[in-house]
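Listed below, chain by chain, are the residues.
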Amino acid sequence: MSLALPAAPQQSSRRQLLVSTALVAAAAAMLMAGMLAMWMKFRAGAPTRESSDGLKIIKDWMPKNITIPEVAANTMFATFPFAAMMAQWAVYSAKRRDSGHRSLALVITFGLGIAIINAQIAIYLQMEMGIADGAFQTMFYAITGTMMFLVIAGMAFSAVAFFRSVGGRDDDQQLISAHALYWYFLTAAFTAMWFFVYVQK
Amino acid sequence: MTTIDTHVGAEAKASSSSFIGAVGQWVTSSDHKKIGRLFIGWSLIHAIEVAVLAAIFGFERMSPQGLEIITGDSALQLSWYARHLMGLGLLAPLFLGLAIAIVPLQVGARAIALPRLAQFSLWSWLFGSGLVLVSVIGNGGPGGGNGDMVDLFLMGAALVATGLIAGSVSVATTVMTARAPGMAMDMVPPFSWSALVGSVTTILSLPVAIGTFIYLYVDHTHAQVAFGSNKDIEKWMGWVYGQPQTFIFIVMALGVLAEIAPVTARVRQPLRPVVLIGLALASSGVLGAVTQSNHVLNLDGSNSDKLSSTLPFLLFNGLPLLGVLVSVAVALLALKEGTPRVSASFAFAVLGALMILAGVAGSFVQHIESANLINTSFGEAVTMYLVFGAVLSALGGLTHWAPKLWGVVLDDKKVLGLAGLGVIGTVLSSLPLYIAGFSKQPAFALFGFDYDGPVALWNLLAGAGAAIVALVVIAFVGLLLQAVKAGASASDDPWDAQTLEWSVSSPAPTNNFAALATVNSSEPLLDAKPSQGVSA
Numbered sequence: 001m002s003l004a005l006p007a008a009p010q011q012s013s014r015r016q017l018l019v020s021t022a023l024v025a026a027a028a029a030m031l032m033a034g035m036l037a038m039w040m041k042f043r044a045g046a047p048t049r050e051s052s053d054g055l056k057i058i059k060d061w062m063p064k065n066i067t068i069p070e071v072a073a074n075t076m077f078a079t080f081p082f083a084a085m086m087a088q089w090a091v092y093s094a095k096r097r098d099s100g101h102r103s104l105a106l107v108i109t110f111g112l113g114i115a116i117i118n119a120q121i122a123i124y125l126q127m128e129m130g131i132a133d134g135a136f137q138t139m140f141y142a143i144t145g146t147m148m149f150l151v152i153a154g155m156a157f158s159a160v161a162f163f164r165s166v167g168g169r170d171d172d173q174q175l176i177s178a179h180a181l182y183w184y185f186l187t188a189a190f191t192a193m194w195f196f197v198y199v200q201k
Numbered sequence: 001m002t003t004i005d006t007h008v009g010a011e012a013k014a015s016s017s018s019f020i021g022a023v024g025q026w027v028t029s030s031d032h033k034k035i036g037r038l039f040i041g042w043s044l045i046h047a048i049e050v051a052v053l054a055a056i057f058g059f060e061r062m063s064p065q066g067l068e069i070i071t072g073d074s075a076l077q078l079s080w081y082a083r084h085l086m087g088l089g090l091l092a093p094l095f096l097g098l099a100i101a102i103v104p105l106q107v108g109a110r111a112i113a114l115p116r117l118a119q120f121s122l123w124s125w126l127f128g129s130g131l132v133l134v135s136v137i138g139n140g141g142p143g144g145g146n147g148d149m150v151d152l153f154l155m156g157a158a159l160v161a162t163g164l165i166a167g168s169v170s171v172a173t174t175v176m177t178a179r180a181p182g183m184a185m186d187m188v189p190p191f192s193w194s195a196l197v198g199s200v201t202t203i204l205s206l207p208v209a210i211g212t213f214i215y216l217y218v219d220h221t222h223a224q225v226a227f228g229s230n231k232d233i234e235k236w237m238g239w240v241y242g243q244p245q246t247f248i249f250i251v252m253a254l255g256v257l258a259e260i261a262p263v264t265a266r267v268r269q270p271l272r273p274v275v276l277i278g279l280a281l282a283s284s285g286v287l288g289a290v291t292q293s294n295h296v297l298n299l300d301g302s303n304s305d306k307l308s309s310t311l312p313f314l315l316f317n318g319l320p321l322l323g324v325l326v327s328v329a330v331a332l333l334a335l336k337e338g339t340p341r342v343s344a345s346f347a348f349a350v351l352g353a354l355m356i357l358a359g360v361a362g363s364f365v366q367h368i369e370s371a372n373l374i375n376t377s378f379g380e381a382v383t384m385y386l387v388f389g390a391v392l393s394a395l396g397g398l399t400h401w402a403p404k405l406w407g408v409v410l411d412d413k414k415v416l417g418l419a420g421l422g423v424i425g426t427v428l429s430s431l432p433l434y435i436a437g438f439s440k441q442p443a444f445a446l447f448g449f450d451y452d453g454p455v456a457l458w459n460l461l462a463g464a465g466a467a468i469v470a471l472v473v474i475a476f477v478g479l480l481l482q483a484v485k486a487g488a489s490a491s492d493d494p495w496d497a498q499t500l501e502w503s504v505s506s507p508a509p510t511n512n513f514a515a516l517a518t519v520n521s522s523e524p525l526l527d528a529k530p531s532q533g534v535s536a
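Protein chains in written order, with our numbering: chain A, 1 to 201; chain B, 1 to 536.
Since the hints were derived computationally from the structure, they do not count as laboratory data. Be a bit skeptical, because a hint or two may be false.
To be verified - With a straight-line Cα cutoff of 25 Å, these simulated DMTMM-like cross-link-like pairs (lysine to aspartate or glutamate) come out:
#1 B:Lys231 with A:Asp133
#2 A:Lys41 with B:Glu234
#3 B:Lys34 with B:Asp411
#4 A:Lys41 with B:Asp232
#5 B:Lys485 with B:Asp411
Based on the sequences and whatever the hints tell you, model everything.
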């Protein structure tokens, strides 16, 4: 059986990759939001005590003997926007079909991802805390580990985009835009985590 | 004008003479219809498992001391396994599979968006389901005695959720980006709309569940201080398998009814935008699910206390109920406007939707604190109404789309009989537990309780009802296999339907459409039919 329907004109691009990346970023945002909410729930439920001078109420959430290396954490916080900026530079270059700068921007984004992972490992090493030492320690490793997994996924995205770029794919604007969108999400997610886990503790 | 060649891809049925070759084709295929059918097939196996387990639970509870069919900790483990199967092993994948198979055809796309992601979705879900099963067999799951197997359960559940999210991304992207030219969002067929709504809400809610599983896994593997031991983890993951999270998975069941009702009535759906709004409202339960707490109505205290209790209660329990009511009522309005015919698919879909309505209304009542129904078998009955109601709707959908999925039309009379039997089974498996809930029979507890009332009767009926549902699903699968074995026999448009999937051959060819057509209304196929025998 054949049914006659009006013929369709040439279809324009529907931004499939960009839309799916936005959906994945939304899912990952909910993952981090859920984990942060659980972190805050445990933090709020931690026992309280008065300070020795009786002027402050202290929450016994993070054990006293643990110090979070703030320099490394703040460096990570500053690195994420730079990575997103590099990803946006790749978009700018892609629109101008400037393959040299596009590839350079992508490789720098990847490199900044390595720097972020390096800073996180430095934090783990300097803190010297065991994962089984208590609720704070377990949850700290779980939430920061999940964030690092998302960063590694972003680096894989950068690597794929880079190899396509050096392979001469000049029509990859949508992929480069989707890549930038994912790094914007990573920046926002880490900013929230930095505030609640590293600043507020 | 474009002529739609309805037999494209016939060569793709290519012969793979060897069994291994055929299996290889299925395993590696990125054809959305094959992926969808695999999802549906495995989910139906889970449907039988769920009904059999529910029947055993019912019989076990006939005596307060238990009949000793299931003993000790295995009761807790099996009840959690059943709950896992109902939500993430049956409801979500059954409708996701239907959506993966049908949505690209409905929106006029040649393929599903991100087909490899859809394929990953199936295997991730299936592998995760396998891990969950192995963990339960190995004395794992919540309450299990083997710590390693409890970890395996958590890992499996996270994989299952990952697979469902991946499939949902694929379906949502298809509806948002792969629609036929001219098909605006408000022209999307109701089932595809419900698939979009259900997928987006799955994408927003299941990652929160994965976050919970990650915390539980890390803590349980290393410390067991934050979330407790084998038996304590259940209180952290209960929300994933309860209401309102389940509401998200039944949105597509309502979409099936909204799709079939106007075809059965041979009329363009009246108040179509209201149906779409109703389907969207039904999914609003996602807001309540991710907050991971019961939003009960408590009218004690000051006016301010009453208000702060009433607003979230209405938002998280009232809105989904309103959505289900609106979408069912307006879909049925088509019957009044048109000239309905008796069809098995419609019978399944409408009876399933009414069972779902009974479940959502029950959930509303359960969350009124003064009713004292929290943690009673009333809540269990809500789940049974929703799960078995959704299964009936899905069977309606499979009957309706069988020509496109398998190239067959099922025997209408036999399927009608199954629909009647299915609704009897669903009511029997749920209603007695509603009543027992008022006598404080605890939810999902298999023994160690007693109350003044016919304990044996209520639980015997519930067990018998679940057994009937199991038989209905088995009989349906048998009918389907029999029809498939007899060979493709369906015409391209056996129901005189309205949407694009019926413009291609039965079964649908590999690449769906030879050429893309322009769509000018919500019922594009109807516009193209010369007779236009349907009321405007």
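**Asked** Against which earlier hints does the structure fall short, listed by number upward?
**Response** none
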